[in-house]
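Each chain is listed here by its residues.
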Amino acid sequence: MIPPKREFLQRTGIVAMLIACLSLTISGCQNGGGDEILIGHYGSLTGSQATFGISTDNGIKMAIEELNAAGGINGRKVKLVTYDDKGEAREASTAVTRLVTKDGVVAVIGEVASGLSLAAAPICQEGGVPMISPSSTNPKVTKVGDMIFRVCFIDPFQGKVCAKFAREHESLKASKAAIVTDQGSPYSVGLEEEFEKSFVALGGTVVSKQTYQAGDQDYSAQLTSIRAAEPDVIFVPGYYTEVASMILQARKLGMTQPFVGADGWDSAKLGEIAGDAINGCFYSNHYSQEDPSPKIQDFIAKYKAKHNEIPDALAALGHDSAMILFDAMKKAGSLEGAAIAVELAKTKDFDGITGKISIDAERNAVKPAVMLEMKNGAPKYVATIQPGE
Amino acid sequence: MTRGTSSVGTGVVAASAKSEAAEVAVKGNGWTGLIPIAIGILIALVLHFALPAPQRSYNTQILQIIGIVIVLAVSLNIVNGMTGQFSIGHAGFMAVGGYTAASITYYGSMLLWGSTTKHGGFLGSGDWLFLGSCLAGGLVAAIAGYVVGLPSLRLRGDYLAIVTLGFGEIIRVVLQQTGPLIEDVEALRSVGLKQLVPPPLGGSLGFSGIPKYTNLFWVYSILTITLVVAYRLKSSSAGRSMISVREDEIAAQAMGVNIARQKVTAFVVAAFFAGVAGGLFAHSTGTVSPKDAGFQQSFDYVIMTVLGGRGSISGVTLAAIFLTVLPELLRDFEQYRLIVYALLLIIMMLVRPQGLLGIHEVWEMFNRRRRKAETSGSDVSPAEVGP
Amino acid sequence: MSDFAQTLITAIAIGSLYALIALGYTMVYGILKFINFAHSDIVVLGAWGSYSLSVRILPALGYGLKEVPPVWVALMILLLAMIFCGAIGFTIERLAYRPLRRAPRLNVLITAIGVSLLLQNVGQLSFVFGASPQDMPPLLSDRALATFSFGEGESARQLVIGMVDVVIFATATSLMLIMQYLVFHTKLGVAMRAVSFNTDTAALMGIPVDRVVSFTFVLGSMLAAAAGFLIVMKYPSISQPAHTIWVLLGLKAFVAAVIGGIGNVRGAVLGGFVIAFVEQFGAFYVSSNYRDVYVFTLLILILLVKPSGLLGSTLREKV
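Here the protein sequences come in this chain order: A, B and C. Here the first sequence is numbered in our numbering, starting from 1 and rising by one per residue. Here the second sequence is numbered in our numbering, starting from 1 and rising by one per residue. Here the third sequence is numbered in our numbering, starting from 1 and rising by one per residue.
Think of the hints as simulated: they come from the structure by calculation, not from any bench. Virtual Cβ for every residue (Gly too), placed ideally from N, Cα, C. Be aware that one or more of the hints could be misleading.
[Unchecked claim] Some but not every residue of chain A turned toward chain C, in silico, with C-beta under 10 Å: (1) Ile54; (2) Gln210; (3) Ala378.
Chain A with its partners taken away, still in its complex shape (with noise of 0.2 Å):
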């Protein structure tokens, strides 16, 4: 056993040690600067999803740069607040509750999963915080209240937007599809469910339906069962981490099917995991890297020199929620949320980097898609198709 003496002191060490960590932290508090406009923003910046949330909130970084070196709002430097929700709907309700009661944020952005968002959205529409998610796509996000937008499109659109193309498009013309889910993202499944809802409606068959957890490195019996139902075209609503393995498998396996997917599939990366096996795949985005116009490929060549890589559609995203919320704060004249929100529902033609984008009256983003085809590894510009079509 331990004798006294030294469990006294291992206690007394102990309780020592807890007692300095929290004198450190409290010191440690930051606070917001005093002439500073605070803007919150919750994300996933640890966990499995930490790709997104970092991606997203270097895009909001940069946004706000340009902000700032422009001379702010009305003279007023905008400074970014960021918490790591890590991923889970309790951490996000703490933060964001923390971005509007403690901190007091004058507008939230964020998340990129409809989940969390969902669970932060109800805190900032009680609090008269407006918040936009950046890429959230289930449309049950908005409905929480007048003050929850957002600047992507929703489920419902790109899905019939990929249906359509796998219907229309002449290298296509599918009428029968299979389709692959990552059963663990309810945009994954919101987007599968679209999908099949204006596919079948327009004349298709979803011949087989598989799932897959994110994550997942083998994918040979979903490949197999689907090789089995032949279909023309296989649709993959997933993120560009797995959609990269499965083509490669997919090929492999001697199945020359296109593949079809949506924005999760925005990365450099998609590129060099799949390489050429990815050849002649298609799918819906909210830009195009080739598209001349001046302000996308200043942002491109933008962030790649501060991080190495070309930017993502969220880190896109990120950037045009940022912007958006700039205007409105411009136009609206007070940091009122109420007023701030008047003017986001009245956003009309924003010229973003991701398109024209429009709020409509459902807080929803009303943009064009762009369909994108990879050849030899990087994503070639195929159509534009405007929402309404």
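With chain A's structure known, arrange chains B and C on it following the hints.
Then chains B and C, alone, in the frame of chain A:
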């Protein structure tokens, strides 16, 4: 074999102790036993009315979360600390309880009052529906605990960890397959049996829009009851049987303790409180999702039981408070949080495996020092229980 | 028919991987009687280590990151990864597990979880491996070694046996045969088995227990490294270190060890293949939704029916 001295003495009584323990745990000695609970509820009332609502104040929300986390840590302590088993599936029971409670409140609200917004004021009918649904959540979780615990607790201890881990994962996958929520009251009233398979629990998006009934009053009242039950359990014969199981299974068995029964009882009780806490969490954030059943959520509570002292209720409580507040204060160093936790675990095991307080409660520390001053010379008190 | 064969081939390849990892679990359990939760993280280290090494060595030798280098490069990287992980395994055992040799098993279990968390999260730091998935440069040419065609015309299907699968199976089998020889036909193997049977008596008989334990750990870690290397050969998209997929992989391999009989070397290999078969055939013929569930259900069944595993023996615990 001098370690199990206290357990040897009570082992004989252990067999008939279970029903007695249940009585003692709840009522104490007659009506005086209810006094601590009454005091706790009073404090909860004061907190509720004195502080701003959790939706409007970050500090209140943290206070609320601390309360729920203590319930979880203390209940896990019954399994991991007192009985010495190693369960990493607490999150699974939380999720089961959370989903059950959410379904009852959400769909119940729709059927009773036509909408899912909060109904009735403080202690109104809405509140009682909420309390009922949390209790139901606890019960369902307890049943799940029984189903999971009964086969696995008969085996050696290491296996329990794996089975509880697997259980959490199974729950997560199953919950992901559920169907979308029914949001329309008319649709709900006319729902057919076919639409209930798979059950409308939200699927991978999760169950959202749960009315936020959780408030400081409920949390701290339930916390009080949890603490009282845990403490009474620990001081009862059943509790001492559980501790004897932890100390030396074979000796306990030789003294007539039904090991499997004690383990399962501890497991079921812990699962019950985890389920109730899950319900509290669900009505606090307004959402519950399949990911909440994953084992990563369980780790936080395991660390609390290890840090606080396996078997010490006040120790675990202190650890729970510390480990909930610290990450909030250290948000800048978020990416190092888990590394610090990991190092903490390793160092604790190497240096002080019985946790901060071992099996003693905070107030016992002061008693012992006074006693030692009086009887100068006795080196180690017989109640000192090692790792 | 070809679907069945395809599933079979995948199951064999994946089974080899599970078997390799399960061997590590079972050896450590046999010797020290506890589940080394950190084992799956050594696999992760092997995988990411192979990536880091390749990304540095290939350019240094003059090969681009998309070319397939000669075989000896792959072998060298494999060896380096194994040495690296062996060293890490040795350090972990020395620092975290050895001081707890006499402690209750629960304590070591908790320490193992601590080590596992530590490895995962240190791995995710930006200056170590980072939090994004990366793409492994191909070290083996990905040819199809054999292609069989089934069926005619419309429903013609190909059964493809890839080079990578064959390499995985061959490497895993060679390593397992080496293990088999080591454990059953060498003096060191006798020492390992003696220590696992009764540590104190083995010590009394003059066996250097500490050294045998260290060696076992190093061996297990090297096997894990090999498994990690083979995994990134087959699945070039490496998930970040703290991703659930690695933990699930380790968990399934542990289940494989339990099913085969924990502590039993041959059982671990058998268990690995059993798990892989159940998983692949279940996912193909039943439903891919519940792929992870099949494995855990099997675990529960085995624990209920024959807890000592398929090849295990029931040891009565003596007082």
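Checked hints:
1. Ile54: For isoleucine 54/A, the interface hint holds, since the closest Cβ of chain C sits about 7 Å away, which is under 10 Å.
2. Gln210: holds (5 Å)
3. Ala378: violated (14 Å)
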